[in-house]
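Protein chains: 2
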Amino acid sequence: MSSLLFQEESLRTFTESVFIAMGCEEDDAATAADVLISSDLRGIDSHGVARLSGYVRLWEKERINPRPNISVVHETATTATVDGDSGLGLVVAPFAMKLAIEKAEKYGSGWVSVRNSNHFGIAGYHAMQAVQKDMIGFAMTNASPLVAPTFTTERLLGTNPMCYAFPAGEYPPVVVDMATAAAANGKLEIAQRLNKSIPEGWVQTNTGGPSTDAHALKSGGSLLPLGSDREHGSHKGFGLSATVDILTAVLSGANYGPWVPPFVAFLDPLPDLPGKGIGHFLGAMRVDGFRPVEEFKQHMDQWIGRFKAAKPTHEDQKVIIPGEPELEAEKIRKEAGIPLTDAVVRDLEELSIKLDLDFPSGL
Amino acid sequence: MSSLLFQEESLRTFTESVFIAMGCEEDDAATAADVLISSDLRGIDSHGVARLSGYVRLWEKERINPRPNISVVHETATTATVDGDSGLGLVVAPFAMKLAIEKAEKYGSGWVSVRNSNHFGIAGYHAMQAVQKDMIGFAMTNASPLVAPTFTTERLLGTNPMCYAFPAGEYPPVVVDMATAAAANGKLEIAQRLNKSIPEGWVQTNTGGPSTDAHALKSGGSLLPLGSDREHGSHKGFGLSATVDILTAVLSGANYGPWVPPFVAFLDPLPDLPGKGIGHFLGAMRVDGFRPVEEFKQHMDQWIGRFKAAKPTHEDQKVIIPGEPELEAEKIRKEAGIPLTDAVVRDLEELSIKLDLDFPSGL
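Protein chains in written order, with the numbering used here: chain A, 170 to 532; chain B, 170 to 532.
In case anyone wonders, no lab produced these hints; they're calculated from the structure. Take these hints with a grain of salt, some might be off.
The list makes no distinction among identical chains, and a pair is therefore deemed to hold if it is satisfied within one copy or across any two copies.
Stated by the list, open to error - Capping the alpha-carbon separation at 27 Å, the derived lysine-lysine pairs in DSSO-like fashion look like this:
hint, residue 1, residue 2
1, Lys-466, Lys-445
2, Lys-267, Lys-523
3, Lys-523, Lys-275
4, Lys-445, Lys-477
Okay, chain A solo, but in the shape it has when bound (with noise of 0.2 Å):
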C-alpha cells in the first residue's frame, strides 16, 4: 500500500472544518478532531481520520446529533451517568471523562457510566485526561457486535476495548490499550487489502469452524475472543469483554450485546432497542489517595526498568511496555507527518468536495 505523508497541524484543520460543516460548534469541533488526529498521531489508523467519513455518513442518517444536549441524569458523589444524546462519541466521553476527574479531585475517584452515544475514538485518548492529574485513567466502550462468544456462532459483543492508565516518573506512562477480541477488526481489513490469510484463531466460520479467510466476516463468520478457543481461555475474552457490555451499557441504560447499533450508517439499528446508542465507561482515581505521587511514581519507574531489562527471548525483540509502541510513533509522526493510504486519501477528498472544504496537500 503506497501512503501520503500529512502534516498534523493541516490534517487537524481539515478534520475540524468537517465536524463544524456537519453544525459542531467549534470547541467540540476542536475536541473531537483531537481524539482522531491523537489516534493518527499514535500510529492506530483504523481509529483516526480513517473514519471521518463514516462520522459524516452517520450525521447524514441523522445517527449523529452535531448539537447535542450532553446531560448528568444520575449522581452520587463519586458516580454518575451521563446520557449523550446522541452526539458524537469524541465528543461525549471528554465529557464524562471531565466529570470523572472532577469527582476524583473532590473525593478520591469518580466513574461516569454513558448511554445514548457514539463510537469514541481511541480508549487511550480518554484515559490519558486523567494521567495528566496524577491520577490512574480507565476507558472502555462497547461497540457493534462482530464477536462470538465460546461456544456459540452468533456476533453478541463488540471488540470492547478497555483501557488502563498509570502516571509513571522518568519513563513515559504505562497505557494498557487493547480490544478484548483475539484480533481487532482492522488487522483484517488489512489482510483484505493485502490479499492475505489471517492466522487461525482470529476468527470463526458461521458455523463456528475454523478459519483462516481474512473476508470470514462477510460470509456469517465472527471475530473471537482474545483466547481464542476454550483451550486457550477464550471464555476470559468473553468474560473480559461481558465486562465492558454491562459496565458501558446495562449500567448507563444503552443498548448492549447484539443490540449495540452498527457503526456502519449502512447497516440500520435493530428493532426493539433495550436502550439508548452505545455506551462508555470512564473512570479516574487520584494516585494521591493511595500513596503519595513521587513514590509511586519512583516504583512505576522501578516496574518499567526491570521488565525493560527481562531476558528477551529473541535478540532483537525486547519486551515492549504497554504504550510505548504509541509514544515511539507519536514522536516519529510528530516530526515526520502522518502517512495516510491512498485508499483513505481519496476518501477524504470525496468528503472534501462533498462538504466543499479545502483538501490540504500532502508533504
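Start from chain A and add chain B according to the hints.
Relative to chain A, chain B alone:
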C-alpha cells in the same frame, strides 16, 4: 484420581481449627475458613482446603502473622491503602473489601489497595461481598511470578487474577473471575498428576520455545499470558497482568513483578524487596449510583437471557455465563458434599496429626 466426599460443615470446622491452631482469633479463623470452603464449594479445588497446609508452612516460616494489626495507612473519602501486617490474605482482603463497601455506601464507590498481605484465595469470594449489597464488586491480587511477558523468557508476573461481579435479578450474579494467564497453574498440576501432555500455548520452555510438557516450569519454563503468543494477543494478557500488578502492588506499596514473595514456603523471597508482602485491590460501586437497582437487574436478566439463548456451535454446548459453572458446582456440593482427592485427604490428615486436631471422616 479417586476422591472422597466430605460434608461442608465438617470440613469448615476442621479448617477453622487449623487456623485457630496457628493462633488466629476465632472470628478471623471463621472468615479464612469461609473463603477456602467457598472455593471448594464452587468447584475451584485448587484454591480451597488443598492450600491449607501451604498456609501452615508459611506460618511456620513466620511469613504469615496469625494476629495481624491490619491498619488503614492512607485514605480519602473513596480510596484507601491498607497494610495487612503479614496477615492471611483470607482475612486481610475481607477487611479491605468491607472498607470499600462502607465507602461506596457513603460516596457511591470505594477502592482499597492492600500491601503486606498473603494469598487471598479466590478473587470471586471478595468481589461477591459487594454483590450482596447491590453493588458491583472488583477484586484483584498479584501472585508469585510464573508468567513470562511477551518476548521474554523470564517469569516476571503471577497468574494475577481479576474479578468483576455484577448482581442480576432472576438470574444469578455474573461473576467474571479469571487468571490473566492462558492457563492457571492448577491446570498444569492436573496434567502432571495424569501424566498427560498439555496444549501448545500454555507454557514455553526456558528459551521461549513451544512446549506441551506439563512439567516445563520445573526446567525453567514459564506460563504464557492470556493470548499465548503475540499473534494471538499475548501482549493483551501481559497488559492485563501488568494492570493487576500495578493496582495491587505499585499503588499500595506491596512487592511487584519478580519480587512478589513465592507462595511455596520452600522458596525464600528475593533480597532487596521494593515493598511489603503481596498486594490486592478491592473495589465496590453502588449500582444505584448509576441507575435504579431494579432497572439494572431487569436489563442484566435481558442480557443474560439473550446470551443463554445464542445459537450454539454444537447442540450440546451452550454459551456459559461467567459464574454459572461455579454456582452449579455449589448447588451440587452443598447437597452431596465436597470431593477431595486422595492426595489432598492425605495432606490434610498429616496436617491434623501435626497440629493434634481431629480430621473428619468422609461421607
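*Output the numbers, in ascending order, of every earlier hint that fails for this structure.*
Checked against the structure, the hints that fail are numbers 2, 3, while the rest are satisfied.
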